[in-house]
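*Asks:* Let the hints inform the model, and build the full structure from the sequences given.
Listed in order, the protein sequences are those of chains U and X.
According to this note's numbering, the first sequence is numbered sequentially starting from 1.
According to this note's numbering, the second sequence is numbered sequentially starting from 1.
Among the clues, some could well be false.
25 Å max Cα-Cα, derived DSS-like pairs, lysine-lysine [said to hold, decoys possible]:
{"id": "1", "chain 1": "U", "residue 1": "51", "chain 2": "X", "residue 2": "118"}
{"id": "2", "chain 1": "U", "residue 1": "68", "chain 2": "X", "residue 2": "80"}
{"id": "3", "chain 1": "X", "residue 1": "118", "chain 2": "U", "residue 2": "10"}
{"id": "4", "chain 1": "U", "residue 1": "113", "chain 2": "U", "residue 2": "98"}
{"id": "5", "chain 1": "X", "residue 1": "80", "chain 2": "U", "residue 2": "10"}
{"id": "6", "chain 1": "U", "residue 1": "39", "chain 2": "X", "residue 2": "160"}
{"id": "7", "chain 1": "U", "residue 1": "68", "chain 2": "X", "residue 2": "160"}
{"id": "8", "chain 1": "U", "residue 1": "73", "chain 2": "X", "residue 2": "160"}
{"id": "9", "chain 1": "U", "residue 1": "51", "chain 2": "X", "residue 2": "80"}
{"id": "10", "chain 1": "X", "residue 1": "160", "chain 2": "U", "residue 2": "71"}
{"id": "11", "chain 1": "X", "residue 1": "160", "chain 2": "U", "residue 2": "90"}
{"id": "12", "chain 1": "X", "residue 1": "160", "chain 2": "U", "residue 2": "10"}
{"id": "13", "chain 1": "U", "residue 1": "100", "chain 2": "X", "residue 2": "82"}
{"id": "14", "chain 1": "X", "residue 1": "160", "chain 2": "U", "residue 2": "56"}
{"id": "15", "chain 1": "X", "residue 1": "82", "chain 2": "U", "residue 2": "34"}
From the structure, some residues in chain U lie toward chain X, with a derived Cβ separation under 10 Å [as the list claims (entries may be wrong)]:
{"id": "16", "residue": "48"}
{"id": "17", "residue": "49"}
{"id": "18", "residue": "55"}
Computed footprint of chain U on chain X, listed as stretches where at least three residues anywhere in the stretch have a Cβ under 8 Å from a Cβ of chain U [unchecked claim]:
{"id": "19", "region": "159-170"}
{"id": "20", "region": "176-184"}
In short, the hints are calculated from the structure, not lab data.
No residue lacks a Cβ here, since even glycine has one placed at the ideal position from N, Cα and C.
Each chain, written out:
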Amino acid sequence: MLKLKDISIKLGEFQLKNINLELNKGDYYVLLGKSGVGKTVLLEIIAGLIKPDSGKVFQNNLDITREKIQKRKVGIVFQDYSIFPHLTVKQNIAYPLKRKKISNSDKNELINKYASLASIKHLLDRNTQNLSGGELQRVALARMLVSNPNCLLLDEPLASLDIQLKGGLRNLLR
Amino acid sequence: MKNNQNTPILFILLGGLILLFIIAPLASMFLATTPNQLFETTQDQEVIDSIWLTLRVSFLSTIFFAIGAIPLAYFLARTKFKFKKLVNGIIDLPIVIPHSAAGIAILGFISRDSVLGKAASSVGLNFVGHPVGIALAMAFVSIPFLINAARDGFSNVPVKLEKTALNLGASPVRVFFTISLPLAWKNILSGLIMMFARGLSEFGAVVIVAYHPMITPILIYERFGAFGLKYARPVSVVFIIVCLVFFILLRTLSKEKESNNA
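*Replies:* Printed below as a string of structure tokens:
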């Protein structure tokens, strides 16, 4: 369960005021709004990337407002993908698994599983610098899914995909 | 040569004069030194020892101080605080103060009367006239080059990449070593080479802290004072060749960085 209670933040001229939201396990929720209204800011507050001026974020009834980013188990895929440019596709996807206490073969199995789901298995050994926007987005998605978060936040998840891939990705997300 | 920017001919002529100003004294020194003199100098044990000492001390001081300078650069790139401009100014201070004055400051800091000097004396170490004193003097005047280059490198790493790594469960230390450091590495490497090269060429601060053991810039000065230009020149040429190797390395790395950013 994810709950936002009276979230407010002021960033220069921009302001979000008293945002309330409640989502139950398994819910899909779409934030709609004009460009610049604060959709990304709200996602970043939930993920812990920025702290609200006031209000609270609850996950499973626990107050996580001041919880560290790496402890939240809230995965976010940014609109600009934030792919690590110095790592290969495989290394990007493996990044969340580095410190996990599982065997290398299990790690490889997980990488292959999510790479297949995102239709990027053929790209695993490639550098990320020459990939298309859609490919980068799927790498970011596979990398986030492999970290097994409790909650997925997707910022413009279908923006760079063609119609065929959009359908595939919708199915993957379900 | 393509003059794509339509640079005025006058600019090219003036620029040529400046280049000549840099090249001419060096070229004349090289031309005035015979191959025989050069060969003899490379066989001179005092010269060999001083070059090795200079290389070794500058290298070790660069590595030792990098352990603190790189985290400081990261902190300056990532943290906003009240007196940040003042701290950045302090870091640049060794570049703008006279190096003989820097030497006096370091001497006061490490002499036997100082707290540090007393502490070192208690374990039988005297920094004055010791390679450690030389290393401190070299580091004092050259460390701004490393901190500034590393800070620029870290500033160029998008904060979002670090936050993404945190979001994927990495600790801040792991984020630093797997994301920030590799992405800023080219700048840091340039800074390390610059600090090392600047340490090699330091005279003013080192001569006050330690005349002996003699680093090459001091040896050149001593040969000039005792025997004249003819005897100082071949040592200078050999040492310039050594420095040029590192200069070319630095320029090559910078060029690589430029082409990657293009």
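*Asks:* Which of the numbered hints are not met once you compare them with the structure shown?
*Replies:* 1, 3, 13, 15 and 18
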